[in-house]
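So the chains spell out like this:
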Amino acid sequence: MSTATVPTAHFDPEPMTKPSKEQLLELSMGPQHPSTHGVFRMKVVLDGERVVRLKPVFGYLHRNHEKIAESETYLGSMPYTDRLDYMCSITNNWAYALAVEKLAGIQVPERAEYLRVITGELTRLQNHACLIGFLMQDMGSSGTPLMYAFREREKILDLFESLTGSRMMCNYMRFGGCRVDMPAGWLDQARKIVADFPRFLDEYEQLLVSNEILMDRTQEVGVLSRELAVSAGISGPMARASGVDYDIRKVDRYSIYDRFTFRVPLGSHGDVYDRFMVRLLEMRESVGILQQAMRAVPAGPIVDPKMKIRGFRPRPGEAYGRIEAPKGELGFYLVSDGSPNPYRYRVRPPSLINLTVLEDLCLGRNVADIVAILGSIDIVLGEVDR
Amino acid sequence: MNLETIKSEIEANVPGCRLEIVANPSPSGQHSLRTGAEHAVAVAVYLRDAEDLRFDFCSNVTGIDWPSRELSEKVKVRKLVDGVEQEGEEVRKTTLSGTLEVVYHLFSIEKKHGPITLRMRTIDRDAGVHLPSLTPVWRSAELQEREIFDLFGVVFDGHPDLRRLLMWPGFTDHPMRRDYVDPDDYEYEPTAHDEVLRRAQQHRSEADGEHPGKAGER
Numbered sequence: 001m002s003t004a005t006v007p008t009a010h011f012d013p014e015p016m017t018k019p020s021k022e023q024l025l026e027l028s029m030g031p032q033h034p035s036t037h038g039v040f041r042m043k044v045v046l047d048g049e050r051v052v053r054l055k056p057v058f059g060y061l062h063r064n065h066e067k068i069a070e071s072e073t074y075l076g077s078m079p080y081t082d083r084l085d086y087m088c089s090i091t092n093n094w095a096y097a098l099a100v101e102k103l104a105g106i107q108v109p110e111r112a113e114y115l116r117v118i119t120g121e122l123t124r125l126q127n128h129a130c131l132i133g134f135l136m137q138d139m140g141s142s143g144t145p146l147m148y149a150f151r152e153r154e155k156i157l158d159l160f161e162s163l164t165g166s167r168m169m170c171n172y173m174r175f176g177g178c179r180v181d182m183p184a185g186w187l188d189q190a191r192k193i194v195a196d197f198p199r200f201l202d203e204y205e206q207l208l209v210s211n212e213i214l215m216d217r218t219q220e221v222g223v224l225s226r227e228l229a230v231s232a233g234i235s236g237p238m239a240r241a242s243g244v245d246y247d248i249r250k251v252d253r254y255s256i257y258d259r260f261t262f263r264v265p266l267g268s269h270g271d272v273y274d275r276f277m278v279r280l281l282e283m284r285e286s287v288g289i290l291q292q293a294m295r296a297v298p299a300g301p302i303v304d305p306k307m308k309i310r311g312f313r314p315r316p317g318e319a320y321g322r323i324e325a326p327k328g329e330l331g332f333y334l335v336s337d338g339s340p341n342p343y344r345y346r347v348r349p350p351s352l353i354n355l356t357v358l359e360d361l362c363l364g365r366n367v368a369d370i371v372a373i374l375g376s377i378d379i380v381l382g383e384v385d386r
Numbered sequence: 387m388n389l390e391t392i393k394s395e396i397e398a399n400v401p402g403c404r405l406e407i408v409a410n411p412s413p414s415g416q417h418s419l420r421t422g423a424e425h426a427v428a429v430a431v432y433l434r435d436a437e438d439l440r441f442d443f444c445s446n447v448t449g450i451d452w453p454s455r456e457l458s459e460k461v462k463v464r465k466l467v468d469g470v471e472q473e474g475e476e477v478r479k480t481t482l483s484g485t486l487e488v489v490y491h492l493f494s495i496e497k498k499h500g501p502i503t504l505r506m507r508t509i510d511r512d513a514g515v516h517l518p519s520l521t522p523v524w525r526s527a528e529l530q531e532r533e534i535f536d537l538f539g540v541v542f543d544g545h546p547d548l549r550r551l552l553m554w555p556g557f558t559d560h561p562m563r564r565d566y567v568d569p570d571d572y573e574y575e576p577t578a579h580d581e582v583l584r585r586a587q588q589h590r591s592e593a594d595g596e597h598p599g600k601a602g603e604r
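From first to last, the protein sequence lines are chains A and B.
Residue numbers for the first sequence follow our numbering, so the first one is 1 and each next one is one higher.
Residue numbers for the second sequence follow our numbering, so the first one is 387 and each next one is one higher.
Quick caveat, the hints were computed from the structure, so don't treat them as lab data.
The beta carbon of each residue, even a glycine, is placed where N, CA and C say it ideally should be.
Possibly wrong hints are sitting among the right ones.
If you anchor each label on the Cβ, the simulated ranges turn out as follows [said to hold, decoys possible]:
#1 R50/A with L457/B: 55 to 63 Å
#2 H516/B with W186/A: 55 to 63 Å
#3 V567/B with A195/A: 50 to 58 Å
#4 D158/A with E406/B: 48 to 56 Å
Over the 12 Å line for every Cβ pair with chain B, so calculated as not near, a few chain A residues [stated by the list, open to error]:
#5 L27
#6 F200
#7 V297
#8 P298
Just chain A, same shape as in the assembly (with noise of 0.2 Å):
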């Protein structure tokens, strides 16, 4: 039995600042350049305007959030997941929520199932949406595509604020169901910005897919191999694109996915289009989903009323809960020793592991292309540093 069967594009154990060539400049990219997404470093040493080595600097957003979960209650620790990915709020506190069911074997009612997945679908669509121009507006494309997306994604936001209160830091689920039930009316305006959604799908392909600029910018760009995927790591979008096909919602069921039906779409290539294709696909399928469950919503509870807020102490044991993030697989692992806090708590960072094969994409390419490429993996700093 051997290791070498590990796909490893780099590992060059050579310190950065040994004397090499003249020629090699070394750049430091970010903290503050403004393709980084918030404050993340890169060192990347270039052979003219190639891409000979990278190394990512980390740890500028970092408050070590899981040690302060560790000093706090369980359910203190749910607004401050909102702060994880803060463009995903509503995903983030389902993790949580999810591995903190696991844990304390917490069953959902049926009507919390359900909001909780209409929430987390506007949360992904919003997500997608956004990203997308973002990845365009770092390219060049400045304005339009970001601006189409804003504006669909500030809908999305209204119906979040109308619903929890707030836009962003939405803290909306529970251990065992979801904080508060929707407004009078708040499902009928959900059910029109979705069946606007596609509208600006067609809008936003027909801008995009097949401008000539943008493929030329992206295909055969960052390609990231099937093995190296699975490997390394790898989730959500940024691994379907390269021909894994794995979606938790399909491979867990949790929740209730298995009463809907949905596609996954999958890349062939795993280059920066493929990222940007596979993202926009899984917007429509997104669409469908919600579609089916706004259809369905039915009567009831909307928290497991055998639930005990205060004072809530798991068994001792431990859990590792997960969902299908719109960044890829969002888990988090809870030790409880039986006290009112987690002995430990990890949250597995879709964003920081997804970069684990930045340097691999980017070596050989230019200097433009890695911000094509970092902005393809889909990171927030708030979620790679915690």
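Mind docking chain B on chain A? Use the hints.
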């Protein structure tokens, strides 16, 4: 997907390897396999490559700190009291030595099953913090093992690029350990005052063995 059969299968195929099943009493029912450090890489390669297992996706890697703690349990004993044998209770104390534990959550993308939890422990929390790196088996452990090295202080032998991930290079402590104490000041301050002075005084009094916490309460 029975953990018992996986255990015996690995033990049959990896020479000299002994695994332990760690029961998980919580409703999640996610029991785990504990392996010794010397066979960890062989076990990992077997889990990844065996036809019926194919755990090709290492999803989550994390550490847990277990400082040394005292366990007291009540044991029923029979003893002679005034020549008559009686049943009594006795509190027996055992000290568990401290250890750092590393946990791997594995899934299979090919077979669509999982998770299986693989754990290993260091000898202690001071000098024996070495464990074999599983990054050569699964690339996804690369950044996560760096994070554990940074925040818990586990040294992964065989890791291609073991540096701090989140804290800065000159930092010396490991913040996720249970006994971690914040430094007086994160930046150099020529004359300590206010918050920094308060914390310095608190640390000094704790080092002198006084009751912790009181000196610094505002």
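Hints, verified against the model:
{"no.": "1", "hint": "R50/A with L457/B: 55 to 63 Å", "verdict": "59 Å, holds"}
{"no.": "2", "hint": "H516/B with W186/A: 55 to 63 Å", "verdict": "56 Å, holds"}
{"no.": "3", "hint": "V567/B with A195/A: 50 to 58 Å", "verdict": "57 Å, holds"}
{"no.": "4", "hint": "D158/A with E406/B: 48 to 56 Å", "verdict": "54 Å, holds"}
{"no.": "5", "hint": "L27", "verdict": "19 Å, holds"}
{"no.": "6", "hint": "F200", "verdict": "33 Å, holds"}
{"no.": "7", "hint": "V297", "verdict": "28 Å, holds"}
{"no.": "8", "hint": "P298", "verdict": "25 Å, holds"}
Checked against the numbered hints above, the structure breaks none of them.
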